[in-house]
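Colleague: Take a look at the letters that make up each chain.
Protein chains: 2
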Amino acid sequence: MREQVSELTTNRLSLYLRFLNELRGRGVKTVSSNVLAEQFGLNAALIRKDLANFGDLGVRGVGYVVEDLHRELRSILGLDRQLRVAIMGAGNLGLALADYPGFRQEGFRIVALFDNIRDKVGSLSRRGVAIYDIQDLKEIAKQEGITIAVIAVPAESAQEVVNTVVSAGIRAVLNFSPGALRVPPHVKLKSVDLTVSLESLSFYLAREAGRDMSDA
Amino acid sequence: MREQVSELTTNRLSLYLRFLNELRGRGVKTVSSNVLAEQFGLNAALIRKDLANFGDLGVRGVGYVVEDLHRELRSILGLDRQLRVAIMGAGNLGLALADYPGFRQEGFRIVALFDNIRDKVGSLSRRGVAIYDIQDLKEIAKQEGITIAVIAVPAESAQEVVNTVVSAGIRAVLNFSPGALRVPPHVKLKSVDLTVSLESLSFYLAREAGRDMSDA
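Protein chains in written order, with the working numbering: chain P, 1 to 216; chain X, 1 to 216.
This list has only true hints and no planted wrong ones.
Same chains, same names: a pair is fine if it fits in one copy or spans any two.
Restricting the straight-line Cα-Cα distance to at most 30 Å, the calculated cross-link-like pairs of lysine-lysine (BS3-like) are: (1) Lys29 / Lys190; (2) Lys49 / Lys190; (3) Lys190 / Lys120; (4) Lys120 / Lys188.
Source of the hints: derived by calculation from the structure; they are not laboratory data. Just so we're clear, the structure is a prediction, and the values are computed from it rather than from any experiment.
Extracted from the complex, chain P is given alone in its bound form (with noise of 0.2 Å):
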């Protein structure tokens, strides 16, 4: 069944997710199928769809338990067992990502930083995350239990850290780089596209103006 779960599904699990956390941090002990498509305004036949792929979640007439929905999607996302990530490029994004506060949050676990500039090599981003020579990633991705690279360096070199992080044994890549990049099948690579969201923003803006011309 997981085979045919689509990618804006478990982007859609782990919007669920993040609520719930709220729900829980707020003390609500069950939660409908119609909150939750009011909360991101799906329908709520799509949200009951997306739960039901991974067996019967949902309790009649009470909807679902927030602390055992909460397991369950852990569990489903993987996320009940620490993941270990290392940051390739040592510049402002690999930096910032390192020291991202929301990925500590859902225990994923930013072990190294890697790059290819000798004076950054062996300095500490702010929050202590230590930096290596990109040349030491195999060793240190086995030593560590690395399991997923986030690509943070220039376009020009993207395709060849991915081939570097490819060698070395990691078959999950979240890409920020800009660009298309290949990877062999039993790799999954997920792209980042941090323009989306200001789609989103500008989307609203030109509504808005539509509103203002119409009242006028």
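Dock chain X against the given chain P, drawing on the hints supplied.
Modeller: Chain X alone, transformed into the frame defined by chain P:
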């Protein structure tokens, strides 16, 4: 009609636009909702519904004309005029975002960085974005026609900085700082959660681990 379009829909429109950019680059003239569906792991009916929100963009038996759909999507997303963006915080994240090449490609123009550290004010990012004193935000926002602010400051100071942004008359805010921020109803706030991307990789690794075990 646009009132009812959810944020998840506009995020999908952004993804369609990114794919249309690619199709244009490859010289492809038309695309069907089935091809779009396959590309994104969605069902074709949802895609037709997303696009039908904005008028009759498809041609029966042909699908969508790439050039026309591309132009329409850019217009729907408000990308047919230049949007001028300020980045609040000239730390690692702010500097990385100021120089992020993807924004430029879609017509966003990063016109200023703001910080409260005296040593930073007056200097430039690597690609030449000037760093101003946050006290001058209102004046420079007016002068430069800034309509979007990006929050790239530590969580502790994020709410204070957002208040300054709102006072300066900026009505669209993209927040990279973890934690909830409050804005008045006339301001649109969108928060970027970088953890979502890592979680989809985590899901993949958990599924792979399950498969390895069932193979054994």
